[in-house]
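S.K.: Sequence:
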Amino acid sequence: MASKSVRVPKDSVNKFQGRTIEIVVGDEQKIYNVHEGLVRASSPFFEKALAGEWKESAQRTIQLRDDEPEIVALYIHWLYCGKLAVCCGEPGRIPNSEYLDLVKAYVLGDKILDTLFQDAIVDAIVESRRSTGQDETSSYPFGEALEYAYNRLAETAPILELFVDMYVSDAHSSWLHKIADSTTVPQPFLLRLASKLLDRCDASWDPLKACNYHTHGKNPTKLPSTDS
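Under UniProt numbering, the residue at position 104 of the sequence shown is numbered 104, and the numbers go up by one with no gaps.
Hints are supplied without guarantee of correctness; some may be wrong.
[Claimed, not checked] Computed Cβ-Cβ distance ranges for the label pairs, DEER-style:
(1) L197 with A58: 52 to 62 Å
(2) A73 with L198: 40 to 50 Å
(3) A194 with A41: 39 to 49 Å
(4) C81 with E47: 19 to 29 Å
(5) L197 with Q17: 50 to 60 Å
(6) D27 with E144: 37 to 47 Å
(7) C211 with V6: 44 to 54 Å
(8) S173 with T20: 17 to 27 Å
[To be verified] Simulated crosslink set (DSS-like; lysine-lysine; CA at most 27 Å straight-line):
(9) K55 with K30
(10) K83 with K15
(11) K83 with K48
(12) K15 with K111
(13) K83 with K55
(14) K10 with K111
(15) K4 with K15
(16) K111 with K55
(17) K196 with K83
(18) K10 with K30
(19) K48 with K10
(20) K4 with K83
(21) K209 with K111
(22) K196 with K209
(23) K111 with K83
(24) K10 with K83
(25) K4 with K48
(26) K48 with K111
(27) K30 with K48
(28) K55 with K10
(29) K196 with K4
Calculated from the structure, these hints are not laboratory results.
Source: prediction; values computed, not measured.
Idealized CB from N, CA, C, for every residue including glycine.
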């Protein structure tokens with residue numbers, strides 16, 4: 001496999017030049033500063049908010065009152081570094097809290113229409129699946145991570161299909177019984193899981209590939225308004 005090139009287009013340096021904007025997050029109004037060119041190039045949400053006659057453009061401030069500072073910080077870290085700062089367990093163990101952070105980040109990416117960010121999160125989830133804990137349950141999202149995703153994303157979100165396929169691929173029924181709470185497991189998840197398992201009886205199973213769950217740059221045609 002060829003190594004990843006360290007060379008990029010010459011005009012890439014422009015993303016780190018010019019003015020910065022303030023992103024004000026959460027009830028505590030935590031402020032983050034980010035280069036305008038960088039965030040506008042990645043997110044159509046910020047591109048629209050900072051263009052034209054919008055008040056956000058004049059004030060150079062974007063309000064994200066319904067979001068968590070830690071998740072917005074994760075996004076900004078990814079913008080500058082291309083990495084997701086989510087590892088919080090022992091080597092070889094992926095706690096559900098990491099999956100929850102990744103799900104929250106994916107939901108943020110959905111809000112700001114940053115499909116590259118969402119695809120990076122999918123890559124991280126597939127990578128996390130390969131890091132199996134001692135009881136082999138830490139490689140699968142469950143509980144709050146699943147609830148958060150199903151309560152905040154459209155049914156067509158690729159990440160929801162990924163979660164189902166992770167269980168269909170090689171999970172055991174004993175794991176689901178061990179970690180699941182029948183009162184909180186999202187019904188759409190269980191329906192998809194049952195359907196996939198039935199289909200699997202009649203067809204060969206394709207290995208999980210992150211690319212199958214990428215958005216491939218498909219943004220909604222209608223952009224949401226920014227928080228005021």
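S.K.: Now tell me if each hint is right for this structure.
M.R.: Status of each hint after checking the structure:
1. L197 with A58: 52 to 62 Å: 54 Å, holds
2. A73 with L198: 40 to 50 Å: Holds, at about 42 Å.
3. A194 with A41: 39 to 49 Å: 42 Å, holds
4. C81 with E47: 19 to 29 Å: With a Cβ separation near 21 Å, C81 and E47 satisfy 19 to 29 Å, so the hint holds.
5. L197 with Q17: 50 to 60 Å: The hinted range 50 to 60 Å holds for L197 and Q17, with Cβ atoms some 52 Å apart.
6. D27 with E144: 37 to 47 Å: About 20 Å separates the Cβ atoms of D27 and E144, which means 37 to 47 Å is violated.
7. C211 with V6: 44 to 54 Å: 23 Å, violated
8. S173 with T20: 17 to 27 Å: 51 Å, violated
9. K55 with K30: 20 Å, holds
10. K83 with K15: 17 Å, holds
11. K83 with K48: Satisfied, since the Cα-Cα distance of roughly 25 Å is no more than 27 Å.
12. K15 with K111: With Cα atoms ~22 Å apart, K15 and K111 stay inside 27 Å; holds.
13. K83 with K55: 32 Å, violated
14. K10 with K111: Roughly 30 Å separates the two Cα atoms, so the pair is violated.
15. K4 with K15: 21 Å, holds
16. K111 with K55: 19 Å, holds
17. K196 with K83: Roughly 32 Å between the alpha carbons, so the hint for K196 and K83 is violated.
18. K10 with K30: 34 Å, violated
19. K48 with K10: 25 Å, holds
20. K4 with K83: Holds, at about 15 Å.
21. K209 with K111: Measuring from Cα to Cα gives roughly 25 Å; hence the hint holds.
22. K196 with K209: Distance ~16 Å between K196 and K209 Cα, so the pair holds.
23. K111 with K83: 20 Å, holds
24. K10 with K83: 21 Å, holds
25. K4 with K48: 32 Å, violated
26. K48 with K111: Given that 27 Å is the threshold and the Cα spacing comes to 13 Å, the pair holds.
27. K30 with K48: Given pair K30, K48 holds - Cα atoms ~22 Å apart, limit 27 Å.
28. K55 with K10: It is violated: about 32 Å lies between the C-alpha atoms, which goes past 27 Å.
29. K196 with K4: 35 Å, violated
The structure fails hints 6, 7, 8, 13, 14, 17, 18, 25, 28, 29 (numbered hints given earlier, in ascending order).
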